[in-house]
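Undergrad: If you want the building blocks of each chain, they are given just below.
Number of protein chains: 2
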Amino acid sequence: MTTSDKIVLTRGVPPPEAFPTEELGACFDAALRENPAVVLQYGQQPGYAPLREELAGEYGVSPGEVLIGNGSLQLQDLVSSYLIRPGAAVFTEQPSYDRAIKTFRRRGARTVGIPLEEDGISIERLETALEREVPAFLYLVPDFQNPAGATLSLEKRRRVLELAGEYGFRVIEDIPYRKLRYEGEDLPLLREIDPSNVITMSSFSKLLSPGMRVGFMISPEDLIKEVTALGEDTYLSPVLPTQAAVAEYLRRGLLGPNVDRLKDLYTPRWKAMAGAVSRELPGAQAFIPSGGFFVSVMLPEDANAQDLVGRAKDIGLVLTPGAAFFADPDEGEEADGDRFVRLPFCAVTPDQIEEGVQRLASLL
Amino acid sequence: MTTSDKIVLTRGVPPPEAFPTEELGACFDAALRENPAVVLQYGQQPGYAPLREELAGEYGVSPGEVLIGNGSLQLQDLVSSYLIRPGAAVFTEQPSYDRAIKTFRRRGARTVGIPLEEDGISIERLETALEREVPAFLYLVPDFQNPAGATLSLEKRRRVLELAGEYGFRVIEDIPYRKLRYEGEDLPLLREIDPSNVITMSSFSKLLSPGMRVGFMISPEDLIKEVTALGEDTYLSPVLPTQAAVAEYLRRGLLGPNVDRLKDLYTPRWKAMAGAVSRELPGAQAFIPSGGFFVSVMLPEDANAQDLVGRAKDIGLVLTPGAAFFADPDEGEEADGDRFVRLPFCAVTPDQIEEGVQRLASLL
Chain A
61 MTTSDKIVLT
71 RGVPPPEAFP
81 TEELGACFDA
91 ALRENPAVVL
101 QYGQQPGYAP
111 LREELAGEYG
121 VSPGEVLIGN
131 GSLQLQDLVS
141 SYLIRPGAAV
151 FTEQPSYDRA
161 IKTFRRRGAR
171 TVGIPLEEDG
181 ISIERLETAL
191 EREVPAFLYL
201 VPDFQNPAGA
211 TLSLEKRRRV
221 LELAGEYGFR
231 VIEDIPYRKL
241 RYEGEDLPLL
251 REIDPSNVIT
261 MSSFSKLLSP
271 GMRVGFMISP
281 EDLIKEVTAL
291 GEDTYLSPVL
301 PTQAAVAEYL
311 RRGLLGPNVD
321 RLKDLYTPRW
331 KAMAGAVSRE
341 LPGAQAFIPS
351 GGFFVSVMLP
361 EDANAQDLVG
371 RAKDIGLVLT
381 PGAAFFADPD
391 EGEEADGDRF
401 VRLPFCAVTP
411 DQIEEGVQRL
421 ASLL
Chain B
61 MTTSDKIVLT
71 RGVPPPEAFP
81 TEELGACFDA
91 ALRENPAVVL
101 QYGQQPGYAP
111 LREELAGEYG
121 VSPGEVLIGN
131 GSLQLQDLVS
141 SYLIRPGAAV
151 FTEQPSYDRA
161 IKTFRRRGAR
171 TVGIPLEEDG
181 ISIERLETAL
191 EREVPAFLYL
201 VPDFQNPAGA
211 TLSLEKRRRV
221 LELAGEYGFR
231 VIEDIPYRKL
241 RYEGEDLPLL
251 REIDPSNVIT
261 MSSFSKLLSP
271 GMRVGFMISP
281 EDLIKEVTAL
291 GEDTYLSPVL
301 PTQAAVAEYL
311 RRGLLGPNVD
321 RLKDLYTPRW
331 KAMAGAVSRE
341 LPGAQAFIPS
351 GGFFVSVMLP
361 EDANAQDLVG
371 RAKDIGLVLT
381 PGAAFFADPD
391 EGEEADGDRF
401 VRLPFCAVTP
411 DQIEEGVQRL
421 ASLL
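The listed protein sequences correspond, in order, to chains A and B. Counting in my numbering, the first sequence runs from 61 upward without gaps. Counting in my numbering, the second sequence runs from 61 upward without gaps.
Looking at chain A on its own, in the form it has when it is part of the complex:
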């Protein structure tokens, strides 16, 4: 690797070698031939029925509590347009998923960032914020968070749900990375602890393919009906051949083996990123997750973070500006987006990771 090779540490996308192309091609063909009158027709507004049933089984709910749409961001947009009244607050972790923040704002929310700690959202700061106002909902990525990598502890999961019950707000748990755990044991889903105020969202983008755009949400049936109606008004019917291909993929029992294959592919990259960050950026506060797509660092206050993205570009390192992940960019000490660096590791090789983190260190 020479210094002139560009190293891209921006979006959390799977690498092409992650896609089970042959298997998916066969699933498309089979799904179309088996059920063309449904798969190629208008309809199935809450999602392709066999896939709803598969997901209902997995999450221990009824099919009426499942809605499948054209990717989870589209569903977040629809849920937001239904739940957010103009001027309402939406609470997010700070930092949080930049596109979610943008969606909530476009749908009329004031986004309030609650600082993220190594074990998830700060309960103390959440309580302070709740004394001021009750949000339309709290948006969390509890497992291997995007962008920081943090995982919400069991104790905090319980406390968040208690607060939701006490103050009366909904919690969106967005869990696209959850199945990509490289060490340790799963913590329970928020919905497994207490589903009453929980909307669970996820997708097959990280487990199969983002281009398929198959995302889903699980919530009480009344909300599913409202969001389904908004979806029908917006896009008439969801795209069905992709949902049918995913249903066929699950029916054939291919998802588990594919997730295992992905873990084998990503584990060395995860280890390389964790090692490089510890070695090269010893002064930074690092989030080293047990799974997912992202390591992240908060650079020390005395680090030279000014125009970091621009200076990185000059030496062939592509970074995402940290401030994009901050719902409250001016919120003070913890909220210094300029010092926050997200380091996605799945779409780069261990060699690229070593070189990339070395370049980052050279700038500070």
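Be aware that a few hints might be false.
In this list, chains with the same sequence are indistinguishable; a pair is considered to hold if it fits within one copy or across any two.
For lysine-lysine, the following BS3-like pairs were computed, each having C-alpha atoms within a straight-line distance of at most 30 Å [said to hold, decoys possible]:
hint, residue 1, residue 2
1, K66, K373
2, K285, K373
3, K285, K66
4, K162, K285
5, K162, K373
6, K66, K162
7, K331, K373
8, K239, K162
9, K323, K216
10, K331, K66
11, K216, K239
12, K323, K239
13, K331, K216
Hints in this document: simulated from the structure, not taken from any laboratory.
Place chain B on chain A using the hints.
TA: For chain B alone, coordinates are given in the frame of chain A:
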């Protein structure tokens, strides 16, 4: 056929026998295998590049003037959210496509219905409306209109475009039925006469499959860029395998033969509907188009139109309430939605058509 067989004359959907299932299955498989790193990945926000190129070639524009999304209703929603300022007017034909009217309203428009005549929108009434206000845009279905079946004459096409230039408003021409012409010659597209204020929208729903949800728009590049950015904010990337399958279908030269097959399938149904309406409903003002999915009738003022949908249901005939197609339900004489009946003929057999129209006649 017995009286107890339900006859459904509601939505304009293709029948299952219209779907080229085998060919599409093969196209999915081929498209995935050929280009998985693109088709299964995030990206291609303005639409799958090879399909944009195909469409650009067909419409004589550059690929930068083409945007492909998850069905044309989704694109109408995005265009509306960009073009409609709160309280702005949108002009539509009256009657017009019910879902489009609903979309424009949800995005903040006051919809103003301009009466439809047998040769398209009333120019006189359009001019009167323009003296009062200039709309964000005028929405037209110029070929075999949904719901009435009318086709806009060449003279009126020219005049609409003159008015658009004079007053400064955009015209959306929505042309999903255009290629399904059963007799006569195509009139030029509005964009072929003068593209400067025209947004062309269409889809493959009526030519291939609605479940695929592949719709597109053609407009100047600056608008494409704005709507693409809104699409990226809303659904991140479009669903790509379906777009890639359509591109492969076109590349293999299969669309023309499929359209010919559809015309062979639909022509007897179209003739049956035209004949039955003339014979059974002699007092009604009938729109008999030269193509598309719909015949329609405006019942005479002295016909018994009260609770027509409910009474039809009692004798096994399912109709869409006419008022849904009227942007101005209280607009007066031409706008009497209760007397308007849309009669889609593609998803029913000639026998069902005969029987259905006889049942309708028996109610009046």
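Undergrad: Is it within, between, both or neither when you check K216 against K239 at 30 Å Cα-Cα?
TA: Within one copy, since 20 Å is at most 30 Å while 59 Å is not.
Undergrad: Evaluate K66 and K373 at a C-alpha cut-off of 30 Å and name the case that applies: within, between, both or neither.
TA: For K66 and K373, only the intra-copy Cα distance (9 Å) is at most 30 Å; the inter-copy one is 67 Å.
Undergrad: Within a copy, between copies, both or neither: where do K323 and K216 come within 30 Å Cα-Cα?
TA: within (27 Å within a copy, 63 Å between copies)
Undergrad: Given identical chains, is K331 near K373, meaning Cα to Cα at most 30 Å, within a copy, between copies, both, or neither?
TA: within (25 Å within a copy, 66 Å between copies)
Undergrad: Give the relationship of K323 and K239 under a CA distance limit of 30 Å: within one copy only, between copies only, both, or neither.
TA: Classified as within: same-chain Cα gap 9 Å, cross-chain 49 Å, threshold 30 Å.
Undergrad: Given identical chains, is K285 near K66, meaning Cα to Cα at most 30 Å, within a copy, between copies, both, or neither?
TA: So K285 and K66 pass the 30 Å test across copies only (27 Å; inside, 47 Å).
Undergrad: Within, between, both or neither: how does the pair K162, K373 come out at a Cα-Cα threshold of 30 Å?
TA: Result: close within a single copy only, 25 Å intra versus 47 Å inter.
Undergrad: At most 30 Å between CA atoms: does that hold for K331 and K66 within a copy, between copies, both, or neither?
TA: For K331 and K66, the Cα distance is within 30 Å only inside one copy (21 Å; across copies 64 Å).
Undergrad: Measure nothing new, just compare the shortest in-copy and cross-copy C-alpha distances for K285 and K373 to 30 Å and report within, between, both or neither.
TA: Intra 47 Å, inter 26 Å, cutoff 30 Å: inter-copy only.
Undergrad: Between K239 and K162, at a C-alpha cutoff of 30 Å, which is it: within one copy, between copies, both, or neither?
TA: within (26 Å within a copy, 40 Å between copies)
Undergrad: Within, between, both or neither: how does the pair K66, K162 come out at a Cα-Cα threshold of 30 Å?
TA: Cα proximity of K66 and K162: one copy only (28 Å, versus 48 Å across).
Undergrad: Regarding K162 and K285, is the shortest C-alpha distance of 30 Å or less found within a copy, between copies, in both, or in neither?
TA: both (25 Å within a copy, 18 Å between copies)
The structure agrees with every numbered hint stated previously.
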